[in-house]
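Respectively, the protein sequence lines represent chains Y and X. The numbering of the first sequence is this note's numbering, which starts it at 240 and goes up by one. The numbering of the second sequence is this note's numbering, which starts it at 31 and goes up by one.
Careful: at least some of the hints might be erroneous.
[To be verified] Sample of chain Y residues lacking proximity to chain X, with all beta carbon distances greater than 10 Å (derived):
(1) F256
(2) M295
(3) Q306
(4) N326
(5) F387
(6) T406
(7) G409
(8) D420
(9) V424
(10) P454
(11) Y475
[As the list claims (entries may be wrong)] Pairwise CB distance ranges (calculated):
(12) E463/Y x A257/X: 24 to 34 Å
(13) K217/X x T342/Y: 51 to 61 Å
(14) E258/X x N466/Y: 48 to 58 Å
(15) P74/X x R425/Y: 23 to 33 Å
(16) A422/Y x T60/X: 30 to 40 Å
(17) L249/X x P477/Y: 19 to 29 Å
(18) V273/X x T384/Y: 42 to 52 Å
(19) H72/X x G369/Y: 15 to 25 Å
[Unchecked claim] Cross-link-like lysine-lysine pairs, in silico, PhoX-like; alpha carbons within 20 Å at most:
(20) K440/Y x K485/Y
(21) K283/Y x K233/X
(22) K249/Y x K233/X
(23) K428/Y x K440/Y
(24) K330/X x K283/Y
(25) K347/X x K330/X
Rather than coming from a laboratory, the hints here were simulated on the basis of the structure. Glycine included, C-beta positions come from ideal geometry on N, C-alpha and C.
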Amino acid sequence: MSKIVFQRTKGLTEKEFSYCPGCTHGIIHRLVAEVLEELNILDKAIGISPVGCAVMNYEFFNCDMQQAAHGRAPAVATGIKRVRPDNIVFTYQGDGDLASIGTAEIVHAAHRSENITVIFINNAVYGMTGGQMAPTTLVGQKTTTSPFGRDARLCGEPIRMSELLATIPGATYVERVSVHDPANVRKAKRAVKKAFEIQMKGLGFAFVEFISTCPVNWGKTPQEALNWAKEHMINYYPLGVFREPKEDAQ
Amino acid sequence: MAKVMMKGNEAMALAALKAGCKAFFGYPITPQSELPEYLAKHMPKYGGVFLQAESEVAAINMVYGASGAGVRVMTSSSSPGIALKQEGISYMAGAELPAVIINVMRGGPGLGGIQPSQADYKQITRGGGNGDYYVIAYAPEDLQETVNVIKEAFDVADLYSNPVMIAVDGLIGQMMEPVDVDMEVSKRELPEKTWATTGTQGKRPPVNINSLYLDPLNLEKHALKLAEKYRLIKENEQRYELVNMDGAELVIVAFGTMARIVRSAIELLSEEGIKVGLLRPITIWPFPEKAFNEIPDSVKGILSCELSTGQMIDDVKIANNGRLPVGFFGRTGGMLPEPEEIVSAVKAMLGGLKHE
């Protein structure tokens with residue numbers, strides 16, 4: 240008798256992902272979907288799709304979804320959660336969406352400690368529009384709008400959203416994780432689970448930043464991209480917990 | 031309930047509560063701030079949500095979320111703030127979400143001023159944001175009518191799953207008038223919001239609130255579906271009032287505060303034996319084109335009177351379709367005309383017409 244050791248989570252639909260080979264959106268989608276299933280909250284979850292590569296993730300997550308304007312997902316999530324406090328509301332946003340055009344919305348959602356879960360994907364570029372410079376692009380990193388490499392004198396140092404949000408009293412939980420190897424994938428899943436449990440307990444704003452990859456726009460193979468994330472991204476964006484509820488503090 | 035004296039902004043807020051509004055998201059801006067202030071105080075008694083957003087942009091996106099979750103929701107602002115909300119309004123029109131948006135108009139462009147204005151007419155009646163869409167827009171002339179159309183607007187928004195704007199000006203917002211907020215208004219039979227994101231509760235497949243159609247054929251189908259809805263709205267929702275039309279020599283087209291000043295001008299003119307009618311749009315989108323069929327043969331010309339440099343006049347000309355000469359009188363920037371100025375404009379136009 241054979242035993243099932245792995246199968247598709249009920250948190251995902253049958254729809255094939257639209258992501259490029261080697262992009263870690265797929266892994267992160269699966270982690271979020273597995274957590275929704277394991278916490279038994281899939282049937283009361285309402286997700287917010289961003290603008291960017293994940294714009295069509297309303298086709299992937301097997302729960303109610305709303306698609307939001309660029310950067311506005313935390314405001315849309317606020318509107319939903321305030322009128323439906325018993326539902327589980329999450330946003331899934333990239334770095335162009337959350338760290339650039341949507342800074343006001345994310346800062347104030349944290350500031351009000353909206354009882355929502357935010358999944359933030361940081362791959363240091365605008366992926367969907369073709370690899371332009373993001374606020375998170377590393378110094379010296381070449382993109383289509385920083386063809387000579389990001390110049391900090393002209394464009395500033397990359398913005399660290401987790402550290403920034405961690406200064407806000409309303410940010411209940413802020414953690415940065417990575418999915419560049421299996422051990423980190425497991426750690427990342429624990430963070431996602433915690434971020435949803437915090438919402439279930441009504442403790443307020445929970446934020447998980449993922450170091451992600453964009454092989455196509457980075458001009459790298461999937462493996463090179465994972466290595467680059469590990470060597471360069473994590474060097475500038477250190478992994479770890481930046482804020483957590485008092486009872487959970489070590 | 032008998033009429034009581036209320037400030038316009040507060041009466042509008044109370045009307046929304048009476049209409050079953052369960053959520054309000056807004057941002058302070060003159061001359062509408064008493065409206066959110068009233069709701070901050072009274073919304074809890076009605077079991078609803080009041081939230082002051084970080085910006086107009088955030089407020090309208092909160093409205094998007096709450097409306098998508100199936101709840102009666104409203105926002106209010108004034109001209110520059112409404113300009114900021116256009117992104118969200120376009121998304122709501124695209125995703126077919128109902129909401130009531132109150133625009134207590136002030137002078138522009140830019141920061142403009144804070145006095146009454148109708149200079150946002152084109153923005154309101156042409157959609158305002160990107161894409162092929164319209165918002166249904168009421169432009170009432172006094173507080174009682176404003177309260178009544180707000181109560182109806184929630185039904186109309188739900189019926190067509192489309193944003194509805196209440197376009198008043200700072201005068202209606204700030205003035206105190208006797209008003210009966212419990213006056214009966216017509217109710218619509220409303221479809222169930224089966225599209226709302228409430229969580230599947232394990233009982234149905236997931237739903238999605240969305241305005242994205244990457245395949246142009248699908249986007250065209252969606253645009254045509256919206257166009258058919260707008261055609262129905264034009265057919266069924268034009269609203270207007272005709273005053274003093276019998277034997278009129280000239281018809282003035284005016285809405286909102288301007289229409290009230292025109293009423294005084296018409297009285298002054300009639301004392302001089304000059305018969306002038308008023309065609310008063312109550313909806314500015316759909317524009318009441320039907321009303322123009324009721325203009326009698328005695329009328330020699332149409333005068334569009336506006337609190338702008340001339341915006342509605344384009345719609346007047348389209349509805350008139352070349353039948354009669356069309357003139358314009360307006361004050362703008364927050365200036366309100368004396369009735370005598372309108373009397374002079376009418377006489378000038380009639381004089382000119384006699385020479386033709």
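Now the hints, each set against the structure:
no., hint, result
1, F256, "holds, 15 Å"
2, M295, "violated, 7 Å"
3, Q306, "violated, 4 Å"
4, N326, "violated, 5 Å"
5, F387, "holds, 33 Å"
6, T406, "holds, 17 Å"
7, G409, "holds, 12 Å"
8, D420, "holds, 32 Å"
9, V424, "holds, 26 Å"
10, P454, "holds, 23 Å"
11, Y475, "holds, 28 Å"
12, E463/Y x A257/X: 24 to 34 Å, "violated, 49 Å"
13, K217/X x T342/Y: 51 to 61 Å, "violated, 43 Å"
14, E258/X x N466/Y: 48 to 58 Å, "holds, 54 Å"
15, P74/X x R425/Y: 23 to 33 Å, "violated, 45 Å"
16, A422/Y x T60/X: 30 to 40 Å, "violated, 57 Å"
17, L249/X x P477/Y: 19 to 29 Å, "violated, 43 Å"
18, V273/X x T384/Y: 42 to 52 Å, "violated, 59 Å"
19, H72/X x G369/Y: 15 to 25 Å, "violated, 50 Å"
20, K440/Y x K485/Y, "holds, 13 Å"
21, K283/Y x K233/X, "holds, 11 Å"
22, K249/Y x K233/X, "holds, 15 Å"
23, K428/Y x K440/Y, "holds, 18 Å"
24, K330/X x K283/Y, "violated, 64 Å"
25, K347/X x K330/X, "holds, 14 Å"
Hint violations for this structure: numbers 2, 3, 4, 12, 13, 15, 16, 17, 18, 19, 24, all remaining hints satisfied.
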